[in-house]
Amino acid sequence: MGMNGKSVWMTVALAALVAGCGRSPQSPEDAAAMAGAGTSVETEDVAAVPGADPAFVREQEAWREQRRERLLAPDGWTGLVGLHWIELKAHYIGSASGLRLAKGPPRIGLLQQEGRRLYFTPEKDVELTLDGEPLTSRAELHDDRSETPSTLGFDEGKGEITVIARGGRRALRVRHDEAEGRTGFTGLDYWPMDPDWRVQGRFVEHPPGRTIEIANIIGIVEAQPNPGVVEFERDGQQYRLEALEDEDGGLFLVLADRTNGQGSYGAGRYLDADAPDAQGNVTLDFNRTYNPPCAFTAYATCPLPPEANRLDLRITAGEKAYAGPVI
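Residue numbers (the UniProt record's numbering): 1 to 327.
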C-alpha cells in the first residue's frame, strides 16, 4: 500500500476511535459488584450459548478472570496516569512543573538527554528507587527497547515511571496505584461464549525477514516482523489475517471487523494465538478477542489493524467495548 493509502487508513482508524466506539451498558450486577479498587465480577455477560460444553465454559471463565487481573495489576493498563514525550535536552519532573505528574511530589528530579542517552538526577530529600533499589545519585535510564529497561519508583512506591521508545522518539510512561482508571474500573462485557467461534486456521509462512507497516494510535508507523498469514473459514467464506510475532513465541493478531463501533471497540481488537504446529495448524479462539489498551487509557500507543486485517465479517464473540471512563 502506498503512502496515500496508509494515510487514509490511519485517518479512518483514528476517526473510528474518536467516533464513540459503540460502548455497551454496564449491567446492574457489575455495578453492585464494584468495590474500591475496581474489582468486578461479570455476571450477565459470562453466559454461554445453549449446549456449550462445561469444560469449554470453565476455560473461558478462567481466561476472562486472568484478563481482568492483568488489567488491574500494578503494571496493568488501567494504572496509567501519564505519557510525556521528551522534547528538550532537560526536563524537570514532578507534579508542580516541567513534565507534570498527575500524582506525586512537586518535584522528583531532573531528566537530561545526552545524545541518545538519558540520565536522571534525583531531587534532594525525595525518596526514589531505580529498579527496586534506593536512588540517591545521577543514573542512566534505559527504554523499553533495551534488554534492561529501567523502572523509576516514586511516591512511596505507589508510582512508577518507565521510558518507552516509539518511532525514534522517547516518552515517560507513568503509572500509579491510585490511578482513576483502576479505582473507577467498571468491569468487562462479553458476547456469550460460543464454541463455534473457536476455529481452526492454517498458517502460511512468509519468507524470512518480512515485515509489515503498522500504524499506532499516535500516528507513528513502524515496520513490524510479519512471520506469516493465518487463513480461516467462516460461514463458507475465506478470510486472512496477517500475523505479528508475539513476545511469548506465538502469534499476535491486530484486527478490525464489522462489529467495531457497533458493540466492540471502534478501533479494532487483538487476538493472541499459540504458535502453529508442524503442519501449520493454528487455533483462533475469537471468544478471546480483547480490547487494546487505548480502550481504557489515553496514555497508551496502541497498534492499529493494518488494511489487510480489516475483515468483512461480524465477529460476535469476545470482549465488547468498554463501558467505563477512558482516563
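Rather than coming from a laboratory, the hints here were simulated on the basis of the structure. Hints should not be assumed to be uniformly reliable.
Each pair of labels, with its calculated beta carbon distance range [as the list claims (entries may be wrong)]:
hint: 1; residue 1: A165; residue 2: P134; range: 20 to 30 Å
hint: 2; residue 1: R314; residue 2: E127; range: 51 to 61 Å
hint: 3; residue 1: G168; residue 2: F252; range: 49 to 59 Å
hint: 4; residue 1: G51; residue 2: F252; range: 28 to 38 Å
hint: 5; residue 1: P134; residue 2: E233; range: 54 to 64 Å
hint: 6; residue 1: E114; residue 2: P134; range: 53 to 63 Å
hint: 7; residue 1: G168; residue 2: E140; range: 15 to 25 Å
hint: 8; residue 1: A47; residue 2: D144; range: 31 to 41 Å
Note that CB positions come from ideal geometry on N, CA and C, so glycine has one too.
*Using the beta carbons of A47 and D144, state whether their distance is inside 31 to 41 Å or not.*
holds (39 Å)
_Outcome of range test on Cβ distance (R314, E127; 51 to 61 Å)_ = holds (53 Å)
*May I ask you to test the hint 53 to 63 Å on the CB atoms belonging to E114 and P134?*
violated (24 Å)
*Using the Cβ atoms, figure out if G168 sits within 15 to 25 Å of E140.*
With a Cβ separation near 19 Å, G168 and E140 satisfy 15 to 25 Å, so the hint holds.
*Distance restraint hint 28 to 38 Å, applied to the beta-carbon atoms of G51 and F252*: 31 Å Cβ-Cβ, so the 28 to 38 Å window holds.
*Taking the beta carbons of A165 and P134, is their distance inside 20 to 30 Å?*
Holds: the Cβ-Cβ distance is about 26 Å, inside 20 to 30 Å.
*Within 49 to 59 Å or not, the Cβ separation of G168 and F252?*
The hinted range 49 to 59 Å is violated for G168 and F252, with Cβ atoms some 22 Å apart.
*Just tell me: holds or violated, for the beta carbon distance of P134 and E233 against 54 to 64 Å?*
For P134 and E233 the Cβ distance comes to about 58 Å; the hint holds.
Checked against the numbered hints given earlier, this structure breaks hints 3, 6; the rest are met.
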